[in-house]
Amino acid sequence: MKFLVADDHELIRQGVKGLLRGLDADAQFDEADSWETLAAAARPDANHDLAIVDLHMPGMGGAASLEALLKANPALPVVVLSAEESPDEMRAVLAAGALGFVPKRQPASVMLKAIELVLSGGAYVPIEALSLLGSSHAAGASPSTAAGTTESPGAPSSSSSQPGIQALQPHQRHLMENLSPRQQDIMRLVHRGWTNKMIARELGMAEGTVKVHLSVIFRALAVRNRASAIAVINGWLEAGKTL
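Reminder that position 124 of the sequence shown reads as 124 in the UniProt record's numbering, one-by-one numbering, no gaps.
Don't read these hints as lab results, they were simulated from the structure. Mixed in with the good hints, there may be bad ones.
Mimicking PhoX-like on lysine-lysine, the simulated pairs with C-alpha atoms at most 20 Å apart in a straight line are [to be verified]:
| # | residue 1 | residue 2 |
| --- | --- | --- |
| 1 | K104 | K211 |
| 2 | K2 | K17 |
| 3 | K2 | K113 |
| 4 | K17 | K197 |
| 5 | K197 | K104 |
| 6 | K104 | K17 |
| 7 | K197 | K211 |
Each pair of labels, with its calculated beta carbon distance range [as the list claims (entries may be wrong)]:
| # | residue 1 | residue 2 | range |
| --- | --- | --- | --- |
| 8 | L11 | D185 | 31 to 39 Å |
| 9 | H191 | N47 | 17 to 25 Å |
| 10 | M198 | L23 | 16 to 24 Å |
| 11 | H9 | M198 | 38 to 46 Å |
| 12 | E84 | E202 | 23 to 31 Å |
| 13 | A68 | H9 | 17 to 25 Å |
| 14 | W194 | P107 | 34 to 42 Å |
| 15 | L112 | P58 | 22 to 30 Å |
| 16 | D45 | K17 | 20 to 28 Å |
| 17 | R21 | E202 | 21 to 29 Å |
| 18 | S86 | G59 | 15 to 23 Å |
| 19 | S34 | E202 | 19 to 27 Å |
| 20 | V110 | H191 | 31 to 39 Å |
Virtual Cβ for every residue (Gly too), placed ideally from N, Cα, C.
Whenever a hint applies, use it, and build me the whole structure from the sequences.
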């Protein structure tokens, strides 16, 4: 797999790379230590399977920079690292399209869990952010489900308290219209009824990579399953609806 690790502290970059090598001993890495180097490295043709991004590097403008990054490369799955843990920032990061938010104070095991969850096709939301997801989610959530959820940040919800999540974001509409070549290949095989394992074998990639791409596509279309994604792409279903 190929990862993009962005943090202005080399020690943190090396630590994150060490964690990722535990998942894939042959992992390849690109690195960035500022907004300028991140924007240059995160080009679509770099084909990163995942980016781990510090939200407060030199030149970064918080969630606004993340949204700009995803507009330029809408197929890039992003997990955000941040020393700042304000509810407003968590809400903005998830609404901008990040698939995970990990406070830097958390131990390495939590970061690894978040990365594994995103690579398996889910999304990671810290327990502190549950109140942002609406009272119905918070009331029914247990600590085990709070630490990670497979619901995409861009998925529709019955709660009206989710600012910026119900409506498709600009980068989501862009992704729907401009899937990467790899995602087009994946969706063609999904359309033919192939499983993730079959797709991975056909395209020569890890099954976890297929799941990551499907998660990004589902987020873009505001759907939660393969059938709904196919229906939206074919024009049979409005984005944000379910079958």
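Each hint, compared with the structure:
1. Under the criterion of a C-alpha separation no larger than 20 Å, the hint pairing K104 with K211 is inconsistent with the structure, at around 26 Å.
2. About 11 Å separates the Cα atoms of K2 and K17, which keeps this hinted pair within 20 Å; it holds.
3. Proximity of K2 to K113 is assessed by CA-CA distance (about 18 Å); at most 20 Å being required, the pair is judged to hold.
4. A C-alpha spacing of about 26 Å is found between K17 and K197, which places the hinted pair above 20 Å, so the restraint is violated.
5. For the given pair, K197 sits about 34 Å from K104 by alpha-carbon distance, which is inconsistent with the 20 Å threshold.
6. As the CA atoms of K104 and K17 are separated by approximately 15 Å, the hinted pair is consistent with the 20 Å bound.
7. Between K197 and K211 the alpha-carbon distance is near 10 Å, which keeps this suggested pair within the 20 Å criterion.
8. For the pair L11 and D185, the beta carbons lie near 38 Å from each other, so the given range of 31 to 39 Å is met.
9. Checking the proposed 17 to 25 Å range against H191 and N47 shows it holds: the Cβ atoms sit about 22 Å from each other.
10. In this structure the hint that M198 and L23 lie 16 to 24 Å apart at CB holds, the actual value being about 22 Å.
11. One distance hint, 38 to 46 Å for the beta-carbon pair H9 and M198, holds here, with the actual separation near 41 Å.
12. The beta-carbon spacing between E84 and E202, approximately 42 Å, falls outside the hinted interval of 23 to 31 Å.
13. Taking the beta carbon of each, A68 and H9 are about 22 Å apart, inside 17 to 25 Å as hinted.
14. Taking the beta carbon of each, W194 and P107 are about 38 Å apart, inside 34 to 42 Å as hinted.
15. A C-beta distance of roughly 27 Å is found between L112 and P58, which places it inside the suggested range of 22 to 30 Å.
16. Between D45 and K17, the C-beta spacing of about 22 Å keeps the proposed range 20 to 28 Å intact.
17. In this structure, R21 and E202 meet the distance hint of 21 to 29 Å, their C-beta atoms being roughly 27 Å apart.
18. S86 and G59 have their C-beta atoms about 20 Å apart, which keeps the hinted 15 to 23 Å range intact.
19. For S34 and E202, the hinted distance range of 19 to 27 Å is not satisfied, since their beta carbons lie about 38 Å from each other.
20. A C-beta distance of roughly 37 Å is found between V110 and H191, which places it inside the suggested range of 31 to 39 Å.
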